[in-house]
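Enquirer: Based on the provided sequences and hints, a complete structural model is requested.
All the letters of the sequence shown, read from the start, carry residue numbers 1333 to 1511 under this note's numbering.
No lab work stands behind these hints: they were computed from the structure.
Treat the hints with care, as some may be off.
Capping the alpha-carbon separation at 20 Å, the derived lysine to any residue pairs in SDA-like fashion look like this [claimed, not checked]:
id, residue 1, residue 2
1, K1384, N1343
2, K1423, T1351
3, K1462, D1404
4, K1392, A1448
5, K1377, L1456
6, K1463, E1409
7, K1384, E1353
8, K1377, Y1352
9, K1377, V1459
10, K1384, P1443
11, K1400, N1413
12, K1392, N1379
13, K1423, I1435
14, K1400, F1414
15, K1377, E1357
16, K1377, F1356
17, K1423, L1391
18, K1423, E1434
19, K1415, L1401
20, K1444, E1430
21, K1444, N1343
22, K1462, L1407
23, K1423, N1446
24, K1463, S1406
25, K1400, K1415
26, K1400, Q1368
27, K1377, L1391
28, K1384, I1342
29, K1415, N1379
30, K1384, F1356
31, K1444, L1387
32, K1444, G1425
33, K1444, N1379
34, K1392, K1415
35, K1400, D1369
36, K1423, G1441
37, K1423, Y1352
38, K1392, I1435
39, K1444, Y1422
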Amino acid sequence: MNKVISDFDINIHGLEDRTYEYQFEGSDSFFQLFEQDIIEGGNFKVNLALEKTSLLIRLKFNIDADLKLVCDRSLEEFVENFKIEEIHIYKFGEEAQEMSDEIEVLAFGTPKINVAELISDFILLSVPMKKLHPKYREEDDDYEDGKLIYIDPNIEIKENITDVDPRWAALFKLKNLEE
1333 MNKVISDFDI
1343 NIHGLEDRTY
1353 EYQFEGSDSF
1363 FQLFEQDIIE
1373 GGNFKVNLAL
1383 EKTSLLIRLK
1393 FNIDADLKLV
1403 CDRSLEEFVE
1413 NFKIEEIHIY
1423 KFGEEAQEMS
1433 DEIEVLAFGT
1443 PKINVAELIS
1453 DFILLSVPMK
1463 KLHPKYREED
1473 DDYEDGKLIY
1483 IDPNIEIKEN
1493 ITDVDPRWAA
1503 LFKLKNLEE
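Expert: Put into structure tokens, the structure is as follows:
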């Protein structure tokens, strides 16, 4: 296993039922380990609270990341700060399996877990689909109060549009019934 990845190992064998605190840090070399083209690099710090009980392990991540991104409009590199809070749960069971994005089953007797991929996923998912340099956000209609919006909530939908897909027309009727 890669040295950088193994720095994110947590030995869980023999842990008592209580809460433990861990700190992790990463830089450009961390992001190069994962196949992705969203983040050019950056630095992050993770404060992790691991709560162990006899039935499960709950991980609460607090991530502070300064990420190097490339603007989709100008192709300029810029640094954006992200504050991320996520929870991941490991339940104990007969065999390891993923139950959902937030819950996994760990086989009884598993000696350690590695949180590198979880951290990478949480950071990657926090980056908006449209990456704009801060100097272009003021003039972009899709950004409101520094956040990316996908639909203008002020747009009124006209009921008498003749070329509307029949599925949309049915949804418009349902919407009007609720009001």
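Enquirer: Go through the numbered hints given earlier and state which of them the structure violates, listing their numbers in rising order.
Expert: none
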